[in-house]
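Use the sequences and the hints to build the structure in full.
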Amino acid sequence: MFNRQTYQCLKRIAWRECKRLVSRPLYIFAMVGAPLFCYVFFTTLMDEGLPTDLPVGAVDMDDSATSRNLVRNLDAFQQTHIAAHYPSPSEARAAMQRGDIYGFYYIPPRFSEELQANRQPKASFYTNNAYLIAGSLLYRDMKTMSELANGAAGRTVLYAKGATEAQAMAFLQPIVIDTHAIHNPWLNYSVYLCNTILPGILMLLIFMTTVYSIGTEVKERTSHQWLRMGGGSMYVALCGKLLPHTVVFTVMAAFYNAWLYGFLHFPCHGGILPMLLASLLLVLSSQACGVFMIGMLPTLRLGLSFASIWGVLSFSISGFTFPVMAMHPALQALANLFPLRHYYLIYAGQALNGYGMAYTWPSYVALLLFLFLPFLVMNRLKTAMAHYKYIP
Amino acid sequence: MKDVTLKQKIKQGFQSLFHIWKEEVKNTFRDQGMLIFFLLVPLAYPLIYAFIYTGEVVREVPVALVDDARGSLSREFARKVDATADIRIACLCPDMEDAQERMRRGEAHGIIRIPGEFASDLAAGRQAHVAIYCDMGCLLYYKNLLSACTYVSLDMNRDIKVARAGNTTGRQDEVTAYPFEYEDVALFNPQNGFASFLIPAVLVLILQQTLLLGIGLSAGTAREKNRFRDLVPARNRHYEGTLRIVMGKALCYFMLYAVVSVYVLCAVPRMFRLVQVADPATLILFMLPYLAACIFFSMTASAAVRNRETCMILFVFTSLPLLFISGVSWPGASIPPFWKYVSWLFPSTFGINGFIRINTMGATLAEVAAEYRALWVQAGAYFITACLVYRHQGRIGRRHLRDEMRRLRRAASRQQQLAAKI
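Chains as they are written, first to last, in the working numbering: chain A, 1 to 392; chain B, 1 to 422.
If you're looking for bench data, these hints aren't it; they were derived computationally from the structure. A hint or two may mislead.
Claimed, not checked - Keeping only pairs whose Cα atoms sit at most 25 Å apart, straight-line, the calculated DSS-like set for lysine-lysine is: (1) A/Lys11 with A/Lys382; (2) B/Lys225 with A/Lys389; (3) B/Lys161 with B/Lys26; (4) B/Lys80 with A/Lys143; (5) B/Lys161 with A/Lys161; (6) B/Lys11 with B/Lys26; (7) A/Lys389 with A/Lys19; (8) A/Lys143 with A/Lys122; (9) B/Lys22 with B/Lys225; (10) A/Lys143 with B/Lys143; (11) B/Lys7 with B/Lys26; (12) A/Lys389 with B/Lys80; (13) B/Lys22 with B/Lys11; (14) B/Lys161 with B/Lys80; (15) B/Lys11 with B/Lys80; (16) B/Lys161 with A/Lys143; (17) B/Lys161 with A/Lys122; (18) A/Lys19 with A/Lys382; (19) B/Lys9 with B/Lys22.
In C-alpha cells, the structure reads:
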C-alpha cells in the first residue's frame, strides 16, 4: 500500500498545506499565537501560587486589648489581610456586597469582659462563598485563628497553674492532624490548574484548526483538487494535509512541557518522557477528534460548532476542578469521550504523583483509541469532499 | 448638492435606521448559523453546564485508613470520620504500602494514618498525631479530607478536655472546652456549592461570548456576500450614515438579547435552584449597560472577522481566559496589576462581578456602582469605536466602489476609442 507514489502524493499535499497555513494569518494565530498567549497568560495570572493577603474586614465592637489582639493575630495569617475596620456588621456586609472584602470577623461588645468572667462569649466570622476559593481560604484562616485564640486563652490559665508548654498543648489540643498535601505542599493553584488548562486550550485549538482546514476545502471549492492530489485516496489526502499540523502542534505541546516542567519547575515526578508521550498522544487524538467532527457534520459551521462545544465542555467534564465522581452517572460515562479527561488522569498519575506506566497505561490506551475515530467517518468525509457544496 | 433640512435628515436617518434594523432581524432569523449562536447556544449551553455541576458538592470521597493503634479511641476517630458527609473510609489497610497501592490504583484519594502510639499518647497526656495524606490531583479531595479530619479532631478534643478537667457542672465543661465560642457563617452560598459559585459567572459570560460569535458571524457573512469583501455596502441609500448603521444593528441585537438574557439569567438559575436573591429592577438596570457594552464591543471586534466561520476560531478559546481574569475562580484581589488593567477592557469582567453581587449576594445598585459606571463608560467607548470602525469600513467600501467605477469607465472609454478608430 505504501509505495513511492503514495509518498510523493503525501509530500505534495503536505507542501500544499504548508503554503495554505502561511497564507492566512488566521492559521498562525490559532496554531501559534493563541496557545502561546494562553501559556503566558495563565502562568503569569496565577504566579502567586496560592492567593495571599485577601482583604478581610474586622468588626470589633468590643475594642479591648483582647479583641485587638485577636484582629492582629488574624492579620498575621498568610491568606488574610485586615483591609478595613467597620463599625457594624451591616456595614461590613455592604462592603462585602461592594466587593471590597471577602469576609469579616465579628467580635461582639463586652467580649473580653465576658471572657474573663468565664461567661463564654461568642465571636463569629462571615465568609463570602459566592467567591468559593477566596471564601474557603479565609474560612480556613479564621477557623484556625479562632481555635488558636481559644487555646491561648486556656494556655494562660494552665501556665499560671504551673503546666509546661508540652503539658499545656497536650491538654488544649490532645489530637493533632498532620496534613501532607502530597507533591503540592504549597497548595499551589498554578500547579493544580495550569497543568490541565494549557493542554486543554491547545486541544480546543487543534479541534478548531483541524475542522476548519478540512471544511474550508469545500468552501473554497478546492476539495476536488485536494482529493486528486491524494490519488483519490481520502487516507493519503488526509494524512498529507494533517501532517504539517501535527508537526506544529507537537512543537507547541513540547513547548508547554518545557515551560511548565523545565522553566517553572512544576512537579514532574514520573519523568518528562511519559508527559511528552502523553502530549503527543493528546495532539494526535485531538486531530482525530477534529476529523471525526467534520466527518460527522461536513458543514463548516456545524463542524466548528461541534468542535467548540466539545472543546469548551472538556474543561468542566475532565474533572480537574469538580471531580467526575460527583457528577451524574451519565456524565461520568460521557467524560471518557473527552481526550482531556484521559490527559488529566495521565498528568495526575505521572507528573504529579509519579505512579509510573504500570498504573497509567489505561489512559494512554484510551488516547490511542481516539485515533480510530477517523476510520468511522472516512467514507462520509470522502463523499462530502467529492460532492458537497458549501452551504453558508 | 441637495439642500436637506435637519428635520428631513433626521427623518431619513430614522427611516434608514429602521430599515437596517429590519434587514438585520431578517438576516438573523434566516441564517441558521446566527440562530445557533443567538438562540441554541444560550438555550442549551447553560443547561449542560448546570447539569455538570448540579451536584454542587463532593460527598463521600473514598480514603484508605491505616490504623496502627487498633484501640477503641482510634476506632472512634475512624468511625466519626467515616460518618461525615465529606469522606468515606473505602478500605482498611494493614500498612502504608498497601494504602499507597490503593491510591495508585485510584481506589482511594487519600490516606488517614493513626499511629501505634495514638492511645498511649492520649492516656499519658501527650499530644497524639494523626497523619493525613491527600491526592492533590483535585483540590476538592484535599478540602474534604482536611475538613472532615479537622472537624472530628476538634470534636474529640472537646470531649477529652472536658473529661480531663474534672469539672463539677455542665456549664463549666463548656467553658473549659471553649473559653469563647465561635460560629462560622457561609454567606450567599451556604452549601459551599460549586454550581452556585461558578454558574452565575458562566451565564453572564455566555451572553457576551454568543454576542461576539453571532455578530462576528453576521459581519463575516456581510463581507462574503459583498462584491468587494467589504463590511458596509456602498451605494445603498440606507447605509450612508454611520450612526444609523450602528444603531440599527445594535437595536436588533438588543431586542433579541433582552429576551435571551431573561432566560439565561432568570430562568436557568431558577430551574437549577441556584441562589437568586436579585431585586428585579436592579437587575434590569444593571443588564442594560452590560448588553449595550457587549453589543458595541462585539460590533467593534467583528471588524476583524473576514469570513463567516473565522469568528469561532478567534473568539471561542477566549472564554476561559475571560472567566479567569474576571476574578471569580481566581480571586480578583490576587490578579497581577497588568492583567487587572487588561480585564477592564472586557464587559464580562464588570458584568460577571456585578451580576454575582446582585443575583447571589443581593446587592443594590449603590453597591455595584463601580461596575455599573464602568459598564456605561464601556458602552459609550465601544459605541464610539464601533462608529469609527463602521465609518472606516464605509469609506473603504465607497473607495472600492469608486475604483471599480473608474475602472469600468476607463474600460468603456477605451472601448469607445477602439470603436471610433475602427
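Here is what the structure says about each hint:
no.	hint	in the structure
1	A/Lys11 with A/Lys382	holds, 20 Å
2	B/Lys225 with A/Lys389	holds, 16 Å
3	B/Lys161 with B/Lys26	violated, 76 Å
4	B/Lys80 with A/Lys143	holds, 20 Å
5	B/Lys161 with A/Lys161	holds, 16 Å
6	B/Lys11 with B/Lys26	holds, 23 Å
7	A/Lys389 with A/Lys19	holds, 24 Å
8	A/Lys143 with A/Lys122	holds, 13 Å
9	B/Lys22 with B/Lys225	holds, 18 Å
10	A/Lys143 with B/Lys143	holds, 14 Å
11	B/Lys7 with B/Lys26	violated, 29 Å
12	A/Lys389 with B/Lys80	violated, 67 Å
13	B/Lys22 with B/Lys11	holds, 17 Å
14	B/Lys161 with B/Lys80	holds, 18 Å
15	B/Lys11 with B/Lys80	violated, 77 Å
16	B/Lys161 with A/Lys143	holds, 19 Å
17	B/Lys161 with A/Lys122	holds, 19 Å
18	A/Lys19 with A/Lys382	holds, 23 Å
19	B/Lys9 with B/Lys22	holds, 20 Å
The structure fails to meet hints 3, 11, 12 and 15 from the earlier list, while all remaining hints are met.
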